[in-house]
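Visitor: As a plain string of letters, each chain reads:
There are 2 protein chains.
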Amino acid sequence: MNTTAEQMAAEPDSGGPARIAVDISGGDVPLVERMAGAFEAVEMYRDVSLLLCGPADKLSEATQTIGAETDRTRIVDCPSEIGMHESPIQALRQKPDSSIAKGVQLLAEGKADAFVSAGNTGAVAAAAILKLGRSEGVHRPGIAAPMKVIDFPVVAIDVGANVDCKPINLLQYGIMASVFAEELLNIPNPRVGLLNIGEEINKGNELSKQSFELLESSKLNFIGNVEPKVLFHHGCDVLVCDGFVGNIVLKFSESLVLRLVEWIRAGVQDRFRYKLGIGLCKSLFSHLRHCADFTEYGGAPLLGVNGVVIITHGATDAYGIRNAVREARSFVQNHVGEHIAKAIRDDAYARSAAD
Amino acid sequence: MNTTAEQMAAEPDSGGPARIAVDISGGDVPLVERMAGAFEAVEMYRDVSLLLCGPADKLSEATQTIGAETDRTRIVDCPSEIGMHESPIQALRQKPDSSIAKGVQLLAEGKADAFVSAGNTGAVAAAAILKLGRSEGVHRPGIAAPMKVIDFPVVAIDVGANVDCKPINLLQYGIMASVFAEELLNIPNPRVGLLNIGEEINKGNELSKQSFELLESSKLNFIGNVEPKVLFHHGCDVLVCDGFVGNIVLKFSESLVLRLVEWIRAGVQDRFRYKLGIGLCKSLFSHLRHCADFTEYGGAPLLGVNGVVIITHGATDAYGIRNAVREARSFVQNHVGEHIAKAIRDDAYARSAAD
Numbered sequence: 008m009n010t011t012a013e014q015m016a017a018e019p020d021s022g023g024p025a026r027i028a029v030d031i032s033g034g035d036v037p038l039v040e041r042m043a044g045a046f047e048a049v050e051m052y053r054d055v056s057l058l059l060c061g062p063a064d065k066l067s068e069a070t071q072t073i074g075a076e077t078d079r080t081r082i083v084d085c086p087s088e089i090g091m092h093e094s095p096i097q098a099l100r101q102k103p104d105s106s107i108a109k110g111v112q113l114l115a116e117g118k119a120d121a122f123v124s125a126g127n128t129g130a131v132a133a134a135a136i137l138k139l140g141r142s143e144g145v146h147r148p149g150i151a152a153p154m155k156v157i158d159f160p161v162v163a164i165d166v167g168a169n170v171d172c173k174p175i176n177l178l179q180y181g182i183m184a185s186v187f188a189e190e191l192l193n194i195p196n197p198r199v200g201l202l203n204i205g206e207e208i209n210k211g212n213e214l215s216k217q218s219f220e221l222l223e224s225s226k227l228n229f230i231g232n233v234e235p236k237v238l239f240h241h242g243c244d245v246l247v248c249d250g251f252v253g254n255i256v257l258k259f260s261e262s263l264v265l266r267l268v269e270w271i272r273a274g275v276q277d278r279f280r281y282k283l284g285i286g287l288c289k290s291l292f293s294h295l296r297h298c299a300d301f302t303e304y305g306g307a308p309l310l311g312v313n314g315v316v317i318i319t320h321g322a323t324d325a326y327g328i329r330n331a332v333r334e335a336r337s338f339v340q341n342h343v344g345e346h347i348a349k350a351i352r353d354d355a356y357a358r359s360a361a362d
Numbered sequence: 008m009n010t011t012a013e014q015m016a017a018e019p020d021s022g023g024p025a026r027i028a029v030d031i032s033g034g035d036v037p038l039v040e041r042m043a044g045a046f047e048a049v050e051m052y053r054d055v056s057l058l059l060c061g062p063a064d065k066l067s068e069a070t071q072t073i074g075a076e077t078d079r080t081r082i083v084d085c086p087s088e089i090g091m092h093e094s095p096i097q098a099l100r101q102k103p104d105s106s107i108a109k110g111v112q113l114l115a116e117g118k119a120d121a122f123v124s125a126g127n128t129g130a131v132a133a134a135a136i137l138k139l140g141r142s143e144g145v146h147r148p149g150i151a152a153p154m155k156v157i158d159f160p161v162v163a164i165d166v167g168a169n170v171d172c173k174p175i176n177l178l179q180y181g182i183m184a185s186v187f188a189e190e191l192l193n194i195p196n197p198r199v200g201l202l203n204i205g206e207e208i209n210k211g212n213e214l215s216k217q218s219f220e221l222l223e224s225s226k227l228n229f230i231g232n233v234e235p236k237v238l239f240h241h242g243c244d245v246l247v248c249d250g251f252v253g254n255i256v257l258k259f260s261e262s263l264v265l266r267l268v269e270w271i272r273a274g275v276q277d278r279f280r281y282k283l284g285i286g287l288c289k290s291l292f293s294h295l296r297h298c299a300d301f302t303e304y305g306g307a308p309l310l311g312v313n314g315v316v317i318i319t320h321g322a323t324d325a326y327g328i329r330n331a332v333r334e335a336r337s338f339v340q341n342h343v344g345e346h347i348a349k350a351i352r353d354d355a356y357a358r359s360a361a362d
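From first to last, the protein sequence lines are chains G and R.
Residue numbering for the first sequence follows the working numbering, starting at 8 and increasing by one per position.
Residue numbering for the second sequence follows the working numbering, starting at 8 and increasing by one per position.
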């Protein structure tokens, strides 16, 4: 159950080479750091080739700085950049030569098998839905975030693609994330929980109550409503929620952990004994930031579109890019998209329900 | 701005004696602990008298154990108890002699000025709404949780009374919690933020977008959408959200902090140097549990009902009971309920909107 990045990296290839477009621009991390991650990835995965999307001049410069040489990377010039706070639809219209627009276009044209981006989440999702289209039978694609909670993986879905969900969306999120958890995180028969304010049946808002019924009548290994504490004690593998709630919870956890780290750091300055004490625990606390970590398993795939799209955190560094490339490669080689389409087809309600 | 429990305790009486009904049964803490808190409270606040609600035999026994003697406490026999997971409406119907039903009844009959309970939140809220009724003009009462975030107070509303909110509800929550923050936490002109997944206008779900407009056109000191990180950097004083989201966020924060404390404790066992290190930082870490603390300022009042009802955490100990009594006393003596009713009357939209 305790799948680590290393275990996943060691898994045998189950398919052919994977052509992965990687968005190098955007986000909160220097471009050269992202490039370093990309080169590390091609070094580690010999069956991967990368299409590096970003401003060609800067990418060439970074290549020289790093001193990397490989015939499995190619630069795709994307001179303009979509900012993190730009309105997605408008930005995509105004910047067809941005890394997000061109990266997704490469997928749409069959020139790449997957796209990885740490850029504006809304823009990536919008471009994917518009250019690739939804998978057959899927009402609303959802973003699945594989989080490392303390020591184990939990896949939260949706974390921001769809902020006004209907019950059918939550059912399909459960189905899609279960396939993802099983295929990519090696979790057999994943336990699916519905994030709620209480564990009893009939708890929660209208969406919860109706979604509960749908999930219960599905073929999923549905364990019922789960309160947040369940998550921290490894009580479920897939956590289904509305995209508004999922996004808030994700940001809340991240902010709380960051603030605690800041707070400990500041407190340490107050007294010498604190400094000494924290020094002794350094290796213990280096894990603290990873208690709710979103880079260990790569990035968050947008499930339910016709193509492999992985969205990573804006602060994704070289390690994160490497893991996201590994994840994209596994996604492609294990044909996860086809398994998801089959699972949607196999669930009578998920298939038939009107949007 | 940095209002502590001590400062609040020291504030001069602004009204007459306060008769406060305290629910001693229920929750996750031994009855004698709650009784000790109640006796500490009457000792500290000479203008307070308490009606202790719970099974008379056990309460008498606890009184003898503690050895307390005062003519300002009286036991109100409430032989039955509503469990934390019982269905509120059904439990209230079946157990009219429970501490929750009788405590609220004392308020309804004018025999008490306030009711404090650590019991089943849904049952307390339902009893209050049914027996006391909503304040004039209030569509849906909301639970306001005054949290200590790192070092400062933030009032989150609603944290669970109303899980399917309309925009008018969120507007009224902002108005009611602003009065509460100003009157009881001494925060002048509180900054009201709308919890959202982004700071830009037009972010979020339908509820967010419509609520934003209402809040912006109100007389509140509305600062716009706030993301979770804003909360941890003291960017707002009142955090408005839907009761479903508020409840999830509250439980998520609590679980995460508890889990981190557990995790540090377990990690410490691994190596002697960790034990030594944490030992040196003991006083620093004793604060960790209070980074998102819900007992420092007392409990969470149900705002918008005709009466003072304070709901405290199920794990409320003697210290928490004392603070909740202090809070109830201030609420009564400062006529916060009347100020809230006036604020609702003064806001044209809040008054006129149809439910």
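It cannot be assumed that every hint is accurate.
Where chains are identical, the list cannot tell them apart; a pair therefore holds if satisfied intra-copy or between any two copies.
[Stated by the list, open to error] Restricting the straight-line Cα-Cα distance to at most 27 Å, the calculated cross-link-like pairs of lysine-lysine (DSSO-like) are:
no.	residue 1	residue 2
1	Lys216	Lys173
2	Lys65	Lys118
3	Lys210	Lys138
4	Lys102	Lys289
5	Lys102	Lys210
Hints listed in this document are in silico derivations from the structure and should not be mistaken for laboratory results.
Visitor: Take the hints in turn and mark each one as holding or not.
Guide: Taking the hints in turn, this is what the structure says about them:
1. Lys216 - Lys173: both (11 Å within a copy, 18 Å between copies)
2. Lys65 - Lys118: This pair counts as within: shortest intra-copy Cα distance 23 Å, inter-copy 76 Å.
3. Lys210 - Lys138: between (39 Å within a copy, 23 Å between copies)
4. Lys102 - Lys289: neither (45 Å within a copy, 54 Å between copies)
5. Lys102 - Lys210: between (45 Å within a copy, 21 Å between copies)
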